[in-house]
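Asker: Now for the letters of each chain:
2 protein chains.
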Amino acid sequence: MFAGPLQELIDELARLPGIGPKSAQRVAFYLLKVPPADAKRLAHSIVEVKDKVRLCRLCFNVSDQELCEYCRDSRRDASLICVVQEPPDIVALERTREYRGLYHVLQGAISPIEGIGPEELRTAELLERLKPAPHAPPVIEVILATNPNIEGEATAMYLSRLLSPLGIIVTRLASGLPVGGDLEYADEVTLGRALEGRRRVTG
Amino acid sequence: MFAGPLQELIDELARLPGIGPKSAQRVAFYLLKVPPADAKRLAHSIVEVKDKVRLCRLCFNVSDQELCEYCRDSRRDASLICVVQEPPDIVALERTREYRGLYHVLQGAISPIEGIGPEELRTAELLERLKPAPHAPPVIEVILATNPNIEGEATAMYLSRLLSPLGIIVTRLASGLPVGGDLEYADEVTLGRALEGRRRVTG
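Taken in sequence, the protein lines are chains A and B.
Numbering-wise, the numbering used here puts 203 at position 203 of the first sequence, and it's gapless, one number per residue.
Numbering-wise, the numbering used here puts 116 at position 116 of the second sequence, and it's gapless, one number per residue.
Just chain A, same shape as in the assembly (with noise of 0.2 Å):
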C-alpha cells in the first residue's frame, strides 16, 4: 500500500505480539517523523539484544554476562531458591524488598494445549542445582512461585512431586485477597483460597 520500505517496516512491526496494522502503522509514521538518530538508536538496541542478551547459565535469567546478577552477588541466600516462570517474574519479586535467595526461571509452564511438557522447561538444570555439591551450602528451601492460574498450578504441583523424595522444603507463595482490594469485588475462587489459607490473629 506505501512505498516498498515504509510497507516492510509496517508489515514487521505487525508481526510483534500486541501490535495490530493500525498500530504498526502509527509507529512506522512517527518513526518516519523523529530524526535519524532516534530511529537508528531503536534499530541499534534491537540488534544489540540480539547479540549480548542471553540466559544465565545457572538460573535461566536473561543477562548480559555468563552469570546474571543474582547470581553472581555473593551476598545472596544461597540456600533458598525462588522458581518462576519468566525473567519479569523475578523483577516483581524483587520490588517487594523481601526475598534475598536465589532464583530458577523454568521459561513457561507446563501447558498440555500449548504442548509444553517439563522436558521444555528447565526443570533438569533446577535438579542439577539441587544436588549436594563439595563447596557450595545445600538448598534448604524451593518456593514455587509460578503463576496462580491452570498451568502455573499443574506446573507447581509437578515441581513439588519431583521435589518432595529429595527432602528439600517446598513452599508455594499464599494465594488470598489482593491487598488494596475490595472483598465485594474478589472472585469466588480467589476468596475461597483467602478462607482457606486463614491465619491467626494475634494482639
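These aren't lab readings, by the way, just hints derived from the structure by calculation.
Keep in mind that the hints are not guaranteed to be accurate.
Just so you know, same-sequence chains aren't split out, so a pair can sit in one copy or run between any two.
As the list claims (entries may be wrong) - Derived pair list, reagent style DSS-like, types lysine-lysine, alpha-carbon separation capped at 27 Å: (1) Lys33 - Lys22; (2) Lys131 - Lys40; (3) Lys22 - Lys52; (4) Lys22 - Lys40; (5) Lys52 - Lys40; (6) Lys52 - Lys131; (7) Lys131 - Lys22; (8) Lys33 - Lys131.
Using the hints provided, position chain B relative to the given structure of chain A.
Answerer: Here is chain B on its own, set in the frame of chain A:
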C-alpha cells in the same frame, strides 16, 4: 531492572506511540526469543525507512522515489487534486476505487492549540501546483478531503477561501451517515449533516 541492553530496548520501545511500558517489555522479550534473522530484519527495516523513504517532490506523499507512485502515473487525471492531511488518507481513498486524480498531502491540519498554522502545512506548495503551467493540463477541481473534525473543517475552510479566487472548482467530501450504520446510534452532528445534505431519490 533488566540486563543493560534489554532494559535499553524496553526504554526505546516504550517511547513509541501507543506502546506502554508493559507492552514494550512484552515486545522486547518476544524479540529476545525470535531467531536473530527476524530481529535483524526489523532493525534493518527501521534503518531502511529512514534512509530511503522521503516525501514526493510534488504532492508530499511518502515515496521511495523523487515522485510518488500517483504523481508518476501518467494515466491519472492531472486536472483533479484531492487534498488530504496525511499519507494514510490516500490509502483509504484508493481503496474506494472511485478516484483517479492526483493528491496533495498537507502533512497535518490547522490546529491553534498545537500551534499549527497554514504555514506549517504544505499550502504554499499546493498554490504553486495550481498555477497554470505551459506544458501541463490546468487543474479544474480541488477536493478538500481533510478530516470531518474541528481541525479538518478549519483547514478546509481556510483552503476554500484561499482557492476560490483562482477560478477552480473547490469541493468537500460529503458528511452524513456511515454506510451500514444504524440511525439510532448516529450522533446528532452527523445526523444533522445527513439531513442538510439530503438528496432527492428518483425511481
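Asker: Enumerate the violated hints, using their earlier numbering and listing them in ascending order.
Answerer: Failing hints, ascending: 2, 6, 7 and 8.
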